[in-house]
Amino acid sequence: MAMRIPLQIATAIIVLGGISGMVLPEYHLRLLNLSLISAVAVIGLNFAFGYAGLISLGHAAFVGMGGYGLAILTTTCGWSPWLAAPVAIAATAISAGLIGYPLLRLRGHYLALATLGLNVSFYIVTSNWIAMTGGTNGIARIPGLTLGSFSFSGEHQFLWLALMVLALIAAAAAALHKSRLGREMIAVRDDEIASEMTGIDTTRIKIAAFVLSAICAAVAGCLFALHMRFVAPEDFTYAHSITYLAMLIVGGEGTIVGAVLGAVLLTFLPEWLRFLGTAYLFFFGLLVLGILVFLPTGLVGLGQRLSRRSAKTPLLASARAPEATS
Amino acid sequence: MNALEARGIHKRYGGLAALADVDLTVKNGQFVAVIGPNGAGKSTLLNVLTGLAMPDEGQVLLAGQAITRMATNKRIRAGLGRTFQHGRVFARLSVLENVMTGAAIRGRLSESDLRDFSMEIIEQMGLADVAHEAIMSLSYGRRRMVELSRALACRPHVLLLDEPAAGLNSGEVDQLIDRLAELRAVHGLAVVLIEHNMGMVMRLAERIFVLNFGCKIAEGTPAEIQADPAVLSAYLGEGYAHAVV
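These protein sequences, in sequence, are chains Z and P. Okay, so the first sequence: first residue is 1 according to my numbering, each after it adds one. Okay, so the second sequence: first residue is 327 according to my numbering, each after it adds one.
Bound-form chain Z, shown alone (with noise of 0.2 Å):
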């Protein structure tokens, strides 16, 4: 029972993601791709900003730091890549609770604006740390992931990887939004106080959140260094943490299913209005300004408000009705 949910999401993912890989088109893929990638990251900063509350707007450092160890663990030292991503991955982690740790003494915008700090010294670092990140060049070459003789270099096959991973952190995540830990984050972001007076140490809840929330952040960064086999700092800037933070708000902060559809959402929306020329931006920022305003429960909250609204309608109610006695 436990396990329903997290297992409807899993396979939802999948058969969804599957279909889609059969239909798109090549450059849809890549974008489809991209798209699961930027969801795996975006599910991340859900645990951070959607249940523990903490706005965080360094969330593409943390990408950005599974990106660059995979990179560097790959190509300077050589390293298979499936040993270089779990490596990159807990040293993302420990960096997030090393920094956590002062950081989340601050609170709504102070928090906002040390993690929009951390993200800005991430990009200065890895521009002017040439000999370790190669600078503004970025790091080239990245060894593609395989198993046995089959690679994962295509974009069909690359999307079987990044389906298998976003459907196994969306089920993690959901299972844990029922467990001890995602009600006592809940709980943090509902009321600190009221929380502190349950017995719950509010600041280790909010280091687990921000940590889990940098593990998944690393998982993309990691994905996106095997995709893209390029990592540089442009890839991993203040835009794309406000990007991301503008996915979970678009899809439905809180939610797994809101901070998929946001991601994919607003990787297709470009292309879609790709007509409009370099006006798109216009119609993109008023688009976003319209779910803000509009939809403040995101996507999600629109779909379960239709869902309300339709179980109420009489024929609908009288055709369900046989339903539910038998």
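All the pointers check out, no bait thrown in.
Here chain P is said to cover these stretches of chain Z; the calculated rule only asks that three of the stretch's residues, wherever they fall, bring their Cβ under 8 Å from a Cβ of chain P:
(1) 184 to 193
(2) 198 to 209
Below, in silico cross-link-like pairs of lysine to aspartate or glutamate (EDC-like), each with a Cα-Cα straight-line distance of 20 Å or less:
(3) Z:178 to P:442
(4) Z:178 to P:439
(5) Z:178 to P:459
(6) Z:178 to P:437
(7) P:400 to Z:201
For the record, the hints were derived by calculation from the structure and aren't laboratory data. Where is the CB? At the ideal position from N, CA and C, for every residue including glycine.
Chain Z is already provided as a structure; the job is to place chain P on it using the hints.
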């Protein structure tokens, strides 16, 4: 041994002395009330006892152990529980989940044990019919009962209640009085009650402390307090003694 003790508590906010040399002693299983006019320092005293405010001077002891500088969550784990004046519940969690967050602080219980234990408390508090409901769908009075249930789920030895009857109708107040009396009898809890509802205070409290302008002006049994001229003058009003008689 006393369940809870505050010795010589001083707390200032700028030039204002919110508490000045306040002592409070609560014996095991005793029901104590703290009364006084608005701004007397009652909630500040609870904040000092629970660690939400640090005293400038003085000491707080829980079962003889000094907890003056202890973090709030550790005090709760050590056996203190509290509800708030305006009822603080976790709005995005259901009634059951709210209570489960409290129950979870004691040891490593499995999810099913947590659920069972929380349901027991929910049933005791008369909330079984709304256990799976969203908090915001409940009336104000029932939300406050959820908050009380959550505090009880932490299994406190001393429970601090900050105006639990505020905003409740007379029927709900009567229910609350019965529940508190029952809980105390069943669990042997020591209770510190802050309340303006004198009917409730006089029915439940064994000992009453009266604060005014941050100072303790009286301490005694309900009968002693009702006859105390300083209390009548500062808070209850001269007419109160005649009305009771």
